[in-house]
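Enquirer: Residue strings, one per chain:
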Amino acid sequence: MFTSTPYDMHHRLPDLPENTDWPRLVDGYRHMALIRTFDKKAVNLQRTGKLGTYASCLGAEAIATAGGMALHDSDVFVPYYRDHATQYLRGVPLYQILQYWGGDERGNAFPADTPAARDLPNCVPIATQLTQAAGIATKAKLCHEQAAVLATCGDGATSRGDFHEALNVAGVWQLPLVVMVNNNQWAISVPRSLQTASDTIAQKAVAAGIEGFQVDGNDLPALLEALDYALDKARHGKGATLIEAVSYRLSDHTTADDAGRYRKASDLHAAWQREPVARLRQALADAGHWDAGQEKQWLAECQHQVDNAVETYLNQPPQLPTDMLDYLYAELPEALKAQRAALATLSPEQTGGHHA
Amino acid sequence: MHSAQQHPDTSVPLNLLEAVNQALRHAMEADENVVVLGEDIATNGGVFRATEGLKETFGFRRVMDTPLAENLIAGLAVGMASQGLKPVAEIQFMGFIYAALEQLISHAARLRNRTRGRLSCPLVIRAPFGGGIHAPEHHSESTEALFAHVPGLRVVIPSSPARAHGLLRAAIACPDPVLFLEPKRLYRLQRLPVELDDDPLPLDRCFTLRAGEDVSLISWGAMIHETLAAAEQLAEDGIKAEVIDVATLNPLDRDTLIATASKTGRVVIVHEAPHNAGFGAEIAATLASDALMHLLAPIERVTGYDCPMPYFAMEQHYMPSVERIVAAAKKTLEY
Numbered sequence: 001m002f003t004s005t006p007y008d009m010h011h012r013l014p015d016l017p018e019n020t021d022w023p024r025l026v027d028g029y030r031h032m033a034l035i036r037t038f039d040k041k042a043v044n045l046q047r048t049g050k051l052g053t054y055a056s057c058l059g060a061e062a063i064a065t066a067g068g069m070a071l072h073d074s075d076v077f078v079p080y081y082r083d084h085a086t087q088y089l090r091g092v093p094l095y096q097i098l099q100y101w102g103g104d105e106r107g108n109a110f111p112a113d114t115p116a117a118r119d120l121p122n123c124v125p126i127a128t129q130l131t132q133a134a135g136i137a138t139k140a141k142l143c144h145e146q147a148a149v150l151a152t153c154g155d156g157a158t159s160r161g162d163f164h165e166a167l168n169v170a171g172v173w174q175l176p177l178v179v180m181v182n183n184n185q186w187a188i189s190v191p192r193s194l195q196t197a198s199d200t201i202a203q204k205a206v207a208a209g210i211e212g213f214q215v216d217g218n219d220l221p222a223l224l225e226a227l228d229y230a231l232d233k234a235r236h237g238k239g240a241t242l243i244e245a246v247s248y249r250l251s252d253h254t255t256a257d258d259a260g261r262y263r264k265a266s267d268l269h270a271a272w273q274r275e276p277v278a279r280l281r282q283a284l285a286d287a288g289h290w291d292a293g294q295e296k297q298w299l300a301e302c303q304h305q306v307d308n309a310v311e312t313y314l315n316q317p318p319q320l321p322t323d324m325l326d327y328l329y330a331e332l333p334e335a336l337k338a339q340r341a342a343l344a345t346l347s348p349e350q351t352g353g354h355h356a
Numbered sequence: 001m002h003s004a005q006q007h008p009d010t011s012v013p014l015n016l017l018e019a020v021n022q023a024l025r026h027a028m029e030a031d032e033n034v035v036v037l038g039e040d041i042a043t044n045g046g047v048f049r050a051t052e053g054l055k056e057t058f059g060f061r062r063v064m065d066t067p068l069a070e071n072l073i074a075g076l077a078v079g080m081a082s083q084g085l086k087p088v089a090e091i092q093f094m095g096f097i098y099a100a101l102e103q104l105i106s107h108a109a110r111l112r113n114r115t116r117g118r119l120s121c122p123l124v125i126r127a128p129f130g131g132g133i134h135a136p137e138h139h140s141e142s143t144e145a146l147f148a149h150v151p152g153l154r155v156v157i158p159s160s161p162a163r164a165h166g167l168l169r170a171a172i173a174c175p176d177p178v179l180f181l182e183p184k185r186l187y188r189l190q191r192l193p194v195e196l197d198d199d200p201l202p203l204d205r206c207f208t209l210r211a212g213e214d215v216s217l218i219s220w221g222a223m224i225h226e227t228l229a230a231a232e233q234l235a236e237d238g239i240k241a242e243v244i245d246v247a248t249l250n251p252l253d254r255d256t257l258i259a260t261a262s263k264t265g266r267v268v269i270v271h272e273a274p275h276n277a278g279f280g281a282e283i284a285a286t287l288a289s290d291a292l293m294h295l296l297a298p299i300e301r302v303t304g305y306d307c308p309m310p311y312f313a314m315e316q317h318y319m320p321s322v323e324r325i326v327a328a329a330k331k332t333l334e335y
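Protein sequences, first through last, are from chains X and B. Here this note's numbering is used: the first residue of the first sequence is 1, the next is one more, and so on. Here this note's numbering is used: the first residue of the second sequence is 1, the next is one more, and so on.
One thing to keep in mind: the hints can contain errors.
Taking lysine to any residue and the SDA-like style, the derived pairs with C-alpha atoms no more than 25 Å apart in a straight line are [unchecked claim]:
| hint | chain 1 | residue 1 | chain 2 | residue 2 |
| --- | --- | --- | --- | --- |
| 1 | X | Lys-337 | B | Met-293 |
| 2 | X | Lys-238 | B | Leu-68 |
| 3 | B | Lys-240 | B | Thr-286 |
| 4 | X | Lys-141 | B | Thr-43 |
| 5 | X | Lys-50 | X | Phe-213 |
| 6 | X | Lys-337 | B | Gly-117 |
| 7 | X | Lys-337 | B | Ile-239 |
| 8 | X | Lys-40 | X | Lys-337 |
| 9 | X | Lys-337 | B | Ala-99 |
| 10 | X | Lys-141 | B | Ala-30 |
| 11 | X | Lys-141 | X | Gly-161 |
| 12 | B | Lys-55 | X | Asn-168 |
| 13 | X | Lys-40 | X | Lys-264 |
| 14 | X | Lys-238 | X | Gln-146 |
| 15 | B | Lys-330 | B | Thr-256 |
| 16 | X | Lys-141 | B | Pro-308 |
| 17 | X | Lys-204 | B | Ala-99 |
| 18 | B | Lys-263 | X | Gln-146 |
Read the hints as simulated data drawn from the structure, not as lab findings.
Take the sequences, apply the hints, and build the full model.
Expert: Written as structure tokens, this is what we have:
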């Protein structure tokens, strides 16, 4: 049902029906604009040495925002690593997202009083989060929780066994799982065409015996419709869904990458004509639900929020070196006490691994 | 010590396999968050029958036959454990566990640490390991050292029915991820008394199975059987051997090992796994560092050879024997 909007046919969003939930879309637009402001700042922080290698979410704003908006508090989110908007909407403060990319594990200690409290942290080993998501969905089913699990991954992840193993068991056990692939056409430098000879990624659901479909990953209303449907289906025990959200990675893979080595400038230029934030802004403006004044005011607010987050991030006290041992086991084993004592008294001169 | 009158003997004779089954049953009765999963474990009760009868008692929701994918089993267990379940997953043979390594190393062992305690991963992976049962290729491996190297992952190996029962209950109760390796050669070797209502055993302690002053024999798993027999044989020559069952490889009870080496001054480490970078090397290095002044002879290691586990026609040549352990012990005494 969602395959009717092939992504590359539209520079503009399809016309939205009269009964569209406009406040929800305006909310969605605000989140997308905020996360784009955040993303730009995060890249700049990396360039100026204030953040580690960072995976930009430029071009993924609609996908990740839709995920965050469609999830219920009692659902569980299992991210890959371009899901900043979803994490933010689940309750992870922006400064904590920076903390994670700033090389500090405290960035994964999501606030206990938010829906993110039980969500998994970012997952760097590709696709390994998907079998875990199946395990979380199994728990939800076992305990009759009426909760859904949303897991995300990129197109490269669909080449891995974990992807197929997770879909397979989700089919066999009728798990309340939604796997959303951000098919942004690139796995670092390797294009989608070299990952799979399948016409679509969505069709891989067929082999697993679950439903799968494509959706325009630059179309927030379409994504919300797709996710509302799939998550609701999961919560009601009607099985798993694979969603292929077709988009385009407008950024480098990470700040350590230079996409100019493998991506044609003309392709990037074409992709920018369909980027999700401007498309939604245009659609809202066309329908009379957003104007230049609101835009100006909101962008100023975004900048303010991001600046505050950066300040909070930069002013976090350093971790104690002993933290690297103190959280490893529920209780520090006797065997580690001597190492902990040594670490606690390590002088700055004794630390290693400095740049030459 | 309590007298027999006060506490009548309520132990029952069980083999190691039955002890595992009883420990699982006990844990599932005590805590409904305990679930078991794996290949062939539900209707079939496991290829060794370790989970026999559990599905009938606890139902298919808590006793799950998974699709045939070890990486999936580990990933499912990580996901379940992250949300508060206590999954006990069976990997059918240790030779097939490598597909699960990424989940164990990159996720299970790190989840608590990388979320600064927000989430944890209280799973148990059970796997039969070791040779000596004339099994096909890939069914006889002992690669415990690979796992003992992983910070955050506990590695526990019982060597008797009673320790299997007490250690598995402790492993399931433990809030950390545990790899529980079951020496399959001992599964049906003998029935020994197991006290089913005893407290779980500590997960960070070596067990002293036999006291002695002349030489320390340090081992774990099925090799405890040969090691105890070697101690018996040495006793016939008037040599008093102390036998230590390491039981938990990570985190390692270094104090007990240093104490025995300091007491006897002579050490033989016995393991079935290959010699090079085997876990015996960690113990030897610990003793060379922390018991050096007490050592009266170089530390001996009696191990498998640095080759893949041979097919079963030659496995008796590979497996450390009582004779090799006795000879190594005598070598330390003659030094």
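Enquirer: Indicate, hint by hint, whether the structure satisfies it.
Expert: Evaluated hints:
Under the criterion of a C-alpha separation no larger than 25 Å, the hint pairing Lys-337 of chain X with Met-293 of chain B is consistent with the structure, at around 23 Å. Distance hint between Lys-238 of chain X and Leu-68 of chain B is fulfilled; the C-alpha atoms sit about 24 Å from each other, no more than 25 Å. Restraint check for Lys-240 of chain B and Thr-286 of chain B: satisfied, since their Cα atoms lie roughly 23 Å apart, inside the 25 Å limit. Note on Lys-141 of chain X and Thr-43 of chain B: the hinted pairing holds, with a Cα-Cα distance of about 21 Å set against a maximum of 25 Å.
Pair hint Lys-50 of chain X plus Phe-213 of chain X does not hold up; C-alpha atoms about 40 Å apart against a cutoff of 25 Å. For the hint pairing Lys-337 of chain X with Gly-117 of chain B, the CA-to-CA distance comes to about 19 Å; that is within 25 Å, so the pair holds. For the suggested pair Lys-337 of chain X and Ile-239 of chain B, the alpha carbons sit about 36 Å apart, so the restraint of at most 25 Å is broken. Distance check on the hinted pair: Lys-40 of chain X and Lys-337 of chain X sit about 43 Å apart at the alpha-carbon level, beyond 25 Å; violated.
Taking the CA atoms of Lys-337 of chain X and Ala-99 of chain B, the gap is near 33 Å; set against the 25 Å cutoff, the hint is violated. This hinted pair checks out: Lys-141 of chain X and Ala-30 of chain B have alpha carbons roughly 21 Å apart, not beyond 25 Å. With a C-alpha separation of about 23 Å, the suggested pair Lys-141 of chain X and Gly-161 of chain X falls inside the 25 Å cut-off, and the hint holds. Between Lys-55 of chain B and Asn-168 of chain X, the direct Cα distance comes to roughly 23 Å. Compliance with the 25 Å bound is thereby established for this hinted pair.
At roughly 22 Å between alpha-carbon atoms, Lys-40 of chain X and Lys-264 of chain X fall within 25 Å of each other, so this suggested pair holds. At roughly 11 Å between alpha-carbon atoms, Lys-238 of chain X and Gln-146 of chain X fall within 25 Å of each other, so this suggested pair holds. Proposed proximity of Lys-330 of chain B and Thr-256 of chain B is supported: the alpha carbons are some 22 Å apart, at most 25 Å. For the hint pairing Lys-141 of chain X with Pro-308 of chain B, the CA-to-CA distance comes to about 42 Å; that exceeds 25 Å, so the pair is violated.
Note on Lys-204 of chain X and Ala-99 of chain B: the hinted pairing holds, with a Cα-Cα distance of about 22 Å set against a maximum of 25 Å. The suggested pairing of Lys-263 of chain B with Gln-146 of chain X is violated, with an alpha-carbon distance near 60 Å, which exceeds 25 Å.
The structure shown violates the earlier hints numbered 5, 7, 8, 9, 16, 18.
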